[in-house]
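Student: Please put together the full structure from these sequences, using the hints given.
Here the protein sequences line up with chains A, B, C and D, keeping their order. Using numbering that gives the first Met the number 0, you'd call the opening residue of the first sequence number 0 and step up by one each time. Using numbering that gives the first Met the number 0, you'd call the opening residue of the second sequence number 0 and step up by one each time. Using numbering that gives the first Met the number 0, you'd call the opening residue of the third sequence number 0 and step up by one each time. Using numbering that gives the first Met the number 0, you'd call the opening residue of the fourth sequence number 0 and step up by one each time.
In short, the hints are calculated from the structure, not lab data. Every clue listed holds true.
Short derived list, chain A residues pointing at chain B, Cβ under 8 Å:
1) I140
2) P143
3) E147
4) P153
5) N208
Residues from chain C that keep clear of chain B, each with C-beta distances beyond 10 Å, as calculated:
6) E3
7) N20
8) K192
9) D194
10) D213
11) L228
12) E229
13) K246
Beta carbons are placed, not taken as given, at the ideal position from N, Cα and C, and that holds for glycine.
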Amino acid sequence: MAEFLSLQEAVSKHINNGDTVAMEGFTHLIPFAAGHEIIRQEKRDLTLIRMTPDLVYDQMIGAGCAKKLIFSWGGNPGVGSLHRLRDAVEKGWPNKLEILEHSHAAMACAYEAGAAGLPLAVLRGYVGSDLPKVNDQIKFIECPFTGERLAAVPSVRPDVAVIHAQRADRNGNVVIEGIVGIQKEVVLAAKRSLVTVEEIVDDLGASVNACVLPSWAITAVAEAPKGAKPSYALGYYDRDNAFYKDWDGIARDRETFQAWLNDNVFEKGVA
Amino acid sequence: MAEFLSLQEAVSKHINNGDTVAMEGFTHLIPFAAGHEIIRQEKRDLTLIRMTPDLVYDQMIGAGCAKKLIFSWGGNPGVGSLHRLRDAVEKGWPNKLEILEHSHAAMACAYEAGAAGLPLAVLRGYVGSDLPKVNDQIKFIECPFTGERLAAVPSVRPDVAVIHAQRADRNGNVVIEGIVGIQKEVVLAAKRSLVTVEEIVDDLGASVNACVLPSWAITAVAEAPKGAKPSYALGYYDRDNAFYKDWDGIARDRETFQAWLNDNVFEKGVA
Amino acid sequence: MSLEFTSSEMMSVTAARALTNDMTCFVGIGLPSEAANLARLTHAPDVTLIYESGTLQTKPDVLPLSIGDGELCESALTTVSVPEMFRYWLQGGHISVGFLGTAQIDRFANLNTTLIGDYREPKVRLPGGGGAPEIATNAKEVFITVKHSRRTFVKDVDFVTTVGFGRDGKARDNVPNIGRGPTVVITDLCSLKPDPETKELVVISLHPNVTREDVIEATGWDIRFADQLETTPAPTAEELEVLRALKARTHSHHSGQQ
Amino acid sequence: MSLEFTSSEMMSVTAARALTNDMTCFVGIGLPSEAANLARLTHAPDVTLIYESGTLQTKPDVLPLSIGDGELCESALTTVSVPEMFRYWLQGGHISVGFLGTAQIDRFANLNTTLIGDYREPKVRLPGGGGAPEIATNAKEVFITVKHSRRTFVKDVDFVTTVGFGRDGKARDNVPNIGRGPTVVITDLCSLKPDPETKELVVISLHPNVTREDVIEATGWDIRFADQLETTPAPTAEELEVLRALKARTHSHHSGQQ
Numbered sequence: 000m001a002e003f004l005s006l007q008e009a010v011s012k013h014i015n016n017g018d019t020v021a022m023e024g025f026t027h028l029i030p031f032a033a034g035h036e037i038i039r040q041e042k043r044d045l046t047l048i049r050m051t052p053d054l055v056y057d058q059m060i061g062a063g064c065a066k067k068l069i070f071s072w073g074g075n076p077g078v079g080s081l082h083r084l085r086d087a088v089e090k091g092w093p094n095k096l097e098i099l100e101h102s103h104a105a106m107a108c109a110y111e112a113g114a115a116g117l118p119l120a121v122l123r124g125y126v127g128s129d130l131p132k133v134n135d136q137i138k139f140i141e142c143p144f145t146g147e148r149l150a151a152v153p154s155v156r157p158d159v160a161v162i163h164a165q166r167a168d169r170n171g172n173v174v175i176e177g178i179v180g181i182q183k184e185v186v187l188a189a190k191r192s193l194v195t196v197e198e199i200v201d202d203l204g205a206s207v208n209a210c211v212l213p214s215w216a217i218t219a220v221a222e223a224p225k226g227a228k229p230s231y232a233l234g235y236y237d238r239d240n241a242f243y244k245d246w247d248g249i250a251r252d253r254e255t256f257q258a259w260l261n262d263n264v265f266e267k268g269v270a
Numbered sequence: 000m001a002e003f004l005s006l007q008e009a010v011s012k013h014i015n016n017g018d019t020v021a022m023e024g025f026t027h028l029i030p031f032a033a034g035h036e037i038i039r040q041e042k043r044d045l046t047l048i049r050m051t052p053d054l055v056y057d058q059m060i061g062a063g064c065a066k067k068l069i070f071s072w073g074g075n076p077g078v079g080s081l082h083r084l085r086d087a088v089e090k091g092w093p094n095k096l097e098i099l100e101h102s103h104a105a106m107a108c109a110y111e112a113g114a115a116g117l118p119l120a121v122l123r124g125y126v127g128s129d130l131p132k133v134n135d136q137i138k139f140i141e142c143p144f145t146g147e148r149l150a151a152v153p154s155v156r157p158d159v160a161v162i163h164a165q166r167a168d169r170n171g172n173v174v175i176e177g178i179v180g181i182q183k184e185v186v187l188a189a190k191r192s193l194v195t196v197e198e199i200v201d202d203l204g205a206s207v208n209a210c211v212l213p214s215w216a217i218t219a220v221a222e223a224p225k226g227a228k229p230s231y232a233l234g235y236y237d238r239d240n241a242f243y244k245d246w247d248g249i250a251r252d253r254e255t256f257q258a259w260l261n262d263n264v265f266e267k268g269v270a
Numbered sequence: 000m001s002l003e004f005t006s007s008e009m010m011s012v013t014a015a016r017a018l019t020n021d022m023t024c025f026v027g028i029g030l031p032s033e034a035a036n037l038a039r040l041t042h043a044p045d046v047t048l049i050y051e052s053g054t055l056q057t058k059p060d061v062l063p064l065s066i067g068d069g070e071l072c073e074s075a076l077t078t079v080s081v082p083e084m085f086r087y088w089l090q091g092g093h094i095s096v097g098f099l100g101t102a103q104i105d106r107f108a109n110l111n112t113t114l115i116g117d118y119r120e121p122k123v124r125l126p127g128g129g130g131a132p133e134i135a136t137n138a139k140e141v142f143i144t145v146k147h148s149r150r151t152f153v154k155d156v157d158f159v160t161t162v163g164f165g166r167d168g169k170a171r172d173n174v175p176n177i178g179r180g181p182t183v184v185i186t187d188l189c190s191l192k193p194d195p196e197t198k199e200l201v202v203i204s205l206h207p208n209v210t211r212e213d214v215i216e217a218t219g220w221d222i223r224f225a226d227q228l229e230t231t232p233a234p235t236a237e238e239l240e241v242l243r244a245l246k247a248r249t250h251s252h253h254s255g256q257q
Numbered sequence: 000m001s002l003e004f005t006s007s008e009m010m011s012v013t014a015a016r017a018l019t020n021d022m023t024c025f026v027g028i029g030l031p032s033e034a035a036n037l038a039r040l041t042h043a044p045d046v047t048l049i050y051e052s053g054t055l056q057t058k059p060d061v062l063p064l065s066i067g068d069g070e071l072c073e074s075a076l077t078t079v080s081v082p083e084m085f086r087y088w089l090q091g092g093h094i095s096v097g098f099l100g101t102a103q104i105d106r107f108a109n110l111n112t113t114l115i116g117d118y119r120e121p122k123v124r125l126p127g128g129g130g131a132p133e134i135a136t137n138a139k140e141v142f143i144t145v146k147h148s149r150r151t152f153v154k155d156v157d158f159v160t161t162v163g164f165g166r167d168g169k170a171r172d173n174v175p176n177i178g179r180g181p182t183v184v185i186t187d188l189c190s191l192k193p194d195p196e197t198k199e200l201v202v203i204s205l206h207p208n209v210t211r212e213d214v215i216e217a218t219g220w221d222i223r224f225a226d227q228l229e230t231t232p233a234p235t236a237e238e239l240e241v242l243r244a245l246k247a248r249t250h251s252h253h254s255g256q257q
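Tutor: Okay, structure coming up:
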């Protein structure tokens, strides 16, 4: 059964320096509150996994939490680069960042295979791409029935999954609605999982085939209202597209970034 | 886009003698009306695929439609044997029936891989079972990352998928609710698909992450109210468990079966 | 005070007692379903029941006739697709116990639900494996409940549909990512557990009023008894009352339709 | 009557025209999304638009800034998980056209969105592949839209993130289950198609007021022109009106928040 914890307790208890941490949410329901708490608790040497690193990892990388990034698209969607990610990759600031790079299809399959308890995912992928030349985890196998050459990647099995969802009930069951992304998969693929939610309610209000994670498949639930901002939570608040655009200016420069981090993360404490 | 047809037209147009036909519905939403229409049109030499053959295939096998059955559990759930299936396997009546047998996990994975466009499914399955000795389609591969031995089965890619669903809208989009089984997968895995529905409505009334099949992923939609009876349609009618029990007596004997078939299928014509 | 009860009731009550509140149980249809729901309605109200039809954490008021009755879906926390059930929930490692019935079982707890006789010329064709082959290997442990008879308890099954410990008791040795396998078999006569070394099934407890001879008579191999053979506690009044009410509700529900 | 329009508008309008009502289009963010929605709002109201966030058959009123804005989900027929999107819908063969942008493109329509320079010591690190590598091979064909410049149109991309026809034009030859690849590239200067034999991109149509020299100047290789070089029809008043209204709605929507 999931344990109800404060966000501070949950991050302190379940995320350790050196862990492999996958924070998911495909544009929607990105766990920013949890990311900020990880920055405040100065977690270090994390291997961060995420299909679309986005602002949340730009902030965590810029704050020095990460030693390695596994990803498939590292940009500010519709805006441009992630400047903190680029600064780490290109200049090693604030520390050198190792990267391991996939395509979306491969990472989606790798999470899916992780949730399915398999050691590998098989896909029709990477045909003609140079990515297999720079990622030695991409292999090719031959189908024993057709002889077709197919790509294989190791499944993703992180130490900790972190996601944000709309609601939990008082037993710790969680519902996710809208763009559900890869959230169910990352929770099921991980050894431990932390779910932040907009609110804790008596009745989930989930339709019969909704994306529901049972309490016994989750390690910890923490209430974190507005926990996905500036991303969004369908039914609660919209994406703050203006902030995404503003981030480009904030993150471009180390000093403005650090000032933003101080004012908006360190000095804010736990929400 | 899906074409709206009568059930008679749909079966006539899209199911040919000799086809590989997968009719799915895991206990719920079993396409009985379509099965009866296939019997009435005296389709022959079909390779029938279905995880749980159930009464619908017992009837079709007894009526002489099938030359081969691919399945993973062939019983009358909670009641006992499928006597027509047994008569065909044990005595060759009304014709010899070849069988190819899997476990549920393998068939679910094979449909899933078919929907995913892959030639094979990989699973942690068949360990210690004799099934691989009698099904030469079951092979084992070695994971290129961990060396673990895993089972591989060919994906299911039928000529035709047949399912029953609650509703279609006037554009031919279909919603399935409740026990959704393997229905989405079989439609996506098949070359052609026929969906019978309880009703055609203006608005699907589907929740945001409901199991919806877009019109452009379906070949034909036919209205068939009560088309899943004696199985059930959540929100429409209950499972006729009493009939499932009665079937044991009807199907046990060739003559009572044929009388039932005449009275309840051939003489009824199209619903 | 002594209560009247049948051997079937004794079996269901004993099987139910094997389940505890913290278990996540993948439930087979028939006897396992009866036992699992009895557990839920008595000592283990929070036990999580999962059926292969995709119904997660279901709480049916009557026993389902099939593995996918509407009752299972309507009383579930959520319902997922069948591939998701087998891939994410079973193979993904979230099932603590698989609860199975069978047509044949042998001394190494291998199960046969495929056929009697030769595969290509069967004497009796049975339904087949269904979910059992992977439930038995992917669940952390397996409980089996089945009526005791010489037809059912055979020295070697005609066909290993679902592995217990293999033909030699060693099928799970050195296999990675595999569950512990059958840990208890509950019949209408007794309870059996695999010997820790050889994995051969050993009677560990006789149900009330059952003798060693009854078990020997009903078993197709030279059955062994534990040194410290116990007597299974008789059903309590509450267990019998809840079980009988459940079966009565179920019977009336499944007969009364259309 | 002649209308005023920018080269960007010319590009979007031309790209939009490539889509027809019966297509199922996997839409990349940015220029492809603008073109695809313009098509839907003009000549192809029934075109099916799919975004990798899982939104099937979506009809956004404003252009999404990200690939997963709420607008996409709220206006979709249904929303599926990301693995389902890539596995069932893309790899499963249901996408007729993948519509992509890029940072670099070479003469064989290979796309680079990974980096400029050397992989381990990049001069400029770009976002990476995202969905493109498998969209380009699993969709039945691929449309590309990108601004024309010498920085973008290079003889050989620094890194093949997403295959067009490979370094030698032959990367798709004899590969089973692969789409036709790029069939048209639309820029702000012209439209290009691969030569049927060599697969090298050839200019087939110049946009109004654009000269051969303009294209040669903006291309990093010795660009070829079709024998029967056409002039792209100018945007219509309706196309321009709908495009400008869409962009105005979008701008106001994305600036006005919190």
